[in-house]
Amino acid sequence: MTMFNRNDKTTDTNAAAPAPPPSVKPEQPPTPAPAAPRPQAYAQPIASGQAPAVSHISKALKITGQLESTEDIQIEGEIDGDVRAVSVKVGANAKVKGTVRGDEVQVSGQVEGKIEAKKVILTRTARMSGDVIHQDITIESGAFIDGHCRPEFGKAAPPLAKPVHAPKPSSAEAAE
Amino acid sequence: MPAPFRNLSKQPPRAGEAEALPTSQLGTATTVTGVLDTEGELQVHGSVVGRINAERLVLCRHGHVEGDIVARDVRIGGRLNGRVFALNVTLDDTADVSGRIFHNTVTVARGARFEGRMPWRPPSYFEALDQLPETRP
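Chains as they are written, first to last, in our numbering: chain A, 190 to 365; chain B, 188 to 324.
Read the hints as simulated data drawn from the structure, not as lab findings. Check the hints yourself; a few may be wrong.
Here are the simulated distance ranges between beta carbons [what the hints assert, rightly or not]:
#  : chain 1 : residue 1 : chain 2 : residue 2 : range
1  : B       : His249    : A       : His337    : 36 to 42 Å
2  : A       : Glu329    : B       : Pro320    : 46 to 52 Å
3  : B       : Glu321    : A       : Glu329    : 48 to 54 Å
4  : A       : Glu301    : B       : Trp307    : 43 to 49 Å
5  : A       : Ser330    : B       : Glu302    : 57 to 63 Å
6  : A       : Asp325    : B       : Ala207    : 54 to 60 Å
7  : B       : Val236    : A       : Ser330    : 38 to 44 Å
8  : B       : Met305    : A       : Glu301    : 26 to 32 Å
9  : B       : Ala315    : A       : Gln324    : 51 to 57 Å
10 : B       : Thr218    : A       : Lys286    : 17 to 23 Å
11 : A       : Thr314    : B       : Arg308    : 44 to 50 Å
12 : B       : Pro309    : A       : Glu301    : 40 to 46 Å
13 : A       : Asp335    : B       : Thr292    : 32 to 38 Å
14 : B       : Asp283    : A       : Ser318    : 42 to 48 Å
Every residue gets a Cβ at the ideal spot worked out from N, C-alpha and C, and that includes glycine.
The shape of chain A in the complex, shown without the other chains:
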């Protein structure tokens, strides 16, 4: 009995809070505002109709480990590990230590390690230490590169293209 009384009291104190959500309709989509009466309540809806497939690593984010995507990745932060995506953009203040793989890799920041991509673009703010394996490379004036640039046509393409563009290789296998 006392337990229930105490429960009643706590609900009373909660009800005295500035914004009580009185109406609880089951079919009403729950809005974040009444759910979290906090100054830090998240303004944006949690699940917009189209969840973004593109990833953005902001300058405040540091990742230690592996980063993989079947879409695009834009990096402004720091990554200690390997990155693999369709299109990787390494921003001007970004730092990547590890291998960057992709169909298209554009570097404006710092990469320490290796780049393996069909199309590589080193802009004039790029600092690249390590080897670049490419089919098509652009190096703008001002880019720093310390390593070998090696074109590779046979090997670089298939392992990259397979998980990305060929979701069902059964037909190809059947043809063989």
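Once you have looked at the hints, place chain B on chain A.
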């Protein structure tokens, strides 16, 4: 490993300033294995295996996290298997969580699935949280 709550001594950002937090986004097609460490906000639409340290974390509807989350504010609308250490935790109606939620305040929306424990801790616990405790399920 930096202390998870290095920002906690500062005043928490006001609603207007909170927008200025640098926001990172992991898209639906992205998988991260390892440690993610940010002083800003992190929105996870994809999949993370490992540890997340953030000021604010939003695990979106189709997101999936396998591992521990340490943040000031955590909002979960996706799947989580692991532990949460956060002052303010919100489970949305699409949340599917199994594990433990160490919290100071918690909100659970109707429809959210949660299996495990939700231990309450005073704010000082999170301030002093340098190393995550070992817990057995």
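These are the hints, each one checked on the structure:
1. A beta carbon spacing of about 41 Å between B/His249 and A/His337 agrees with the range 36 to 42 Å that was offered as a hint.
2. Evaluation of the 46 to 52 Å hint for A/Glu329 and B/Pro320 yields a pass: the beta carbon distance comes to about 51 Å.
3. Between B/Glu321 and A/Glu329 the CB atoms are about 51 Å apart, so this pair conforms to the stated range of 48 to 54 Å.
4. Between A/Glu301 and B/Trp307 the beta carbons are some 44 Å apart, a value that agrees with the proposed interval 43 to 49 Å.
5. The hinted window of 57 to 63 Å between A/Ser330 and B/Glu302 holds, with their beta carbons roughly 58 Å apart.
6. A hinted range of 54 to 60 Å is violated for the C-beta pair A/Asp325 and B/Ala207, which are about 39 Å apart.
7. Against the hinted window of 38 to 44 Å, the Cβ-Cβ separation of B/Val236 and A/Ser330 comes to about 41 Å, which satisfies the hint.
8. Against the hinted window of 26 to 32 Å, the Cβ-Cβ separation of B/Met305 and A/Glu301 comes to about 43 Å, which falls outside the hint.
9. With their beta carbons about 53 Å apart, B/Ala315 and A/Gln324 fall inside the hinted range of 51 to 57 Å.
10. Checking the proposed 17 to 23 Å range against B/Thr218 and A/Lys286 shows it holds: the Cβ atoms sit about 19 Å from each other.
11. Judged by the Cβ atoms, the range 44 to 50 Å given for A/Thr314 and B/Arg308 holds: they are separated by roughly 45 Å.
12. For the pair B/Pro309 and A/Glu301, the supplied restraint of 40 to 46 Å holds, since their beta-carbon distance comes to about 43 Å.
13. Here the CB-CB span from A/Asp335 to B/Thr292 is close to 51 Å, at odds with the stated 32 to 38 Å.
14. Distance hint check: the CB atoms of B/Asp283 and A/Ser318 are about 43 Å apart, consistent with the given range 42 to 48 Å.
Checked against the numbered hints above, the structure violates hints 6, 8, 13; every other hint is satisfied.
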